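A.B. asks: Sequence:
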Amino acid sequence: MTGEELGPLTITAVAREVQRISHMESFVGPLPPPAVLERYQELYPDAARVIFESFEKQGDHRRELETYHLRSNVHRSFSGLAAGFVVTLAFLAAAVYLVMNGYEVAGVILGTVDLVALV
360 MTGEELGPLT
370 ITAVAREVQR
380 ISHMESFVGP
390 LPPPAVLERY
400 QELYPDAARV
410 IFESFEKQGD
420 HRRELETYHL
430 RSNVHRSFSG
440 LAAGFVVTLA
450 FLAAAVYLVM
460 NGYEVAGVIL
470 GTVDLVALV
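For the sequence shown, counting from 1, position 2 maps to 361 in my numbering; every step adds exactly one.
Note that these hints are calculated values from the structure, not bench results. A quick note: this is a predicted structure, and the numbers were derived from the prediction, not measured. Using N, Cα and C, we set each Cβ at its ideal position, and we do this for glycine too. There could be a bad hint or two in this list.
What the hints assert, rightly or not - Ranges between beta-carbon positions, derived for each pair: (1) Met383 - Glu425: 33 to 41 Å; (2) Glu423 - Ser385: 24 to 32 Å; (3) His434 - Pro393: 16 to 24 Å; (4) Val478 - Leu396: 53 to 61 Å; (5) Val478 - Gly418: 38 to 46 Å; (6) Thr447 - Phe411: 51 to 59 Å; (7) Leu396 - Glu425: 56 to 64 Å; (8) Leu440 - Leu402: 51 to 59 Å; (9) Glu425 - Leu402: 32 to 40 Å; (10) His434 - Ser385: 36 to 44 Å; (11) Arg435 - Leu477: 13 to 21 Å; (12) Phe437 - Glu463: 29 to 37 Å.
Start from the sequences and build out the full structure, keeping to the hints where you can.
C.D. replies: Right under this line is the structure:
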């Protein structure tokens, strides 16, 4: 039947009954929900294994990066402390040298600035 055969009232009634149905799924995280995983498995028999192996590899990689980052931070902190210690000793040695060579005021000022900056 065409629209002309149905008549204007019938076409209007049919138009009211037409609905748009949409369905949206989303998930958060590295692994899909079991229902989606089953659908993947239907399309590709090894899909679940591949997805889980990828998830494990990504986790291992992330842990390696975190370990590297932590070690780098420890190394950087230690390097900063060592450099600060060397600079402090150099300024303190310069202050002692100035005092021993008759430049008491300059030596005391340099030594004081060095110790104040250390704190």
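A.B. asks: Each hint needs a verdict: does it hold in this structure or not?
C.D. replies: Now for the hints, and whether the structure bears them out:
no. : hint                        : in the structure
1   : Met383 - Glu425: 33 to 41 Å : holds, 34 Å
2   : Glu423 - Ser385: 24 to 32 Å : holds, 30 Å
3   : His434 - Pro393: 16 to 24 Å : violated, 44 Å
4   : Val478 - Leu396: 53 to 61 Å : holds, 60 Å
5   : Val478 - Gly418: 38 to 46 Å : holds, 44 Å
6   : Thr447 - Phe411: 51 to 59 Å : holds, 54 Å
7   : Leu396 - Glu425: 56 to 64 Å : violated, 27 Å
8   : Leu440 - Leu402: 51 to 59 Å : holds, 57 Å
9   : Glu425 - Leu402: 32 to 40 Å : holds, 34 Å
10  : His434 - Ser385: 36 to 44 Å : holds, 41 Å
11  : Arg435 - Leu477: 13 to 21 Å : holds, 20 Å
12  : Phe437 - Glu463: 29 to 37 Å : holds, 36 Å
Checked against the numbered hints listed earlier, the structure breaks hints 3, 7; every other hint is satisfied.
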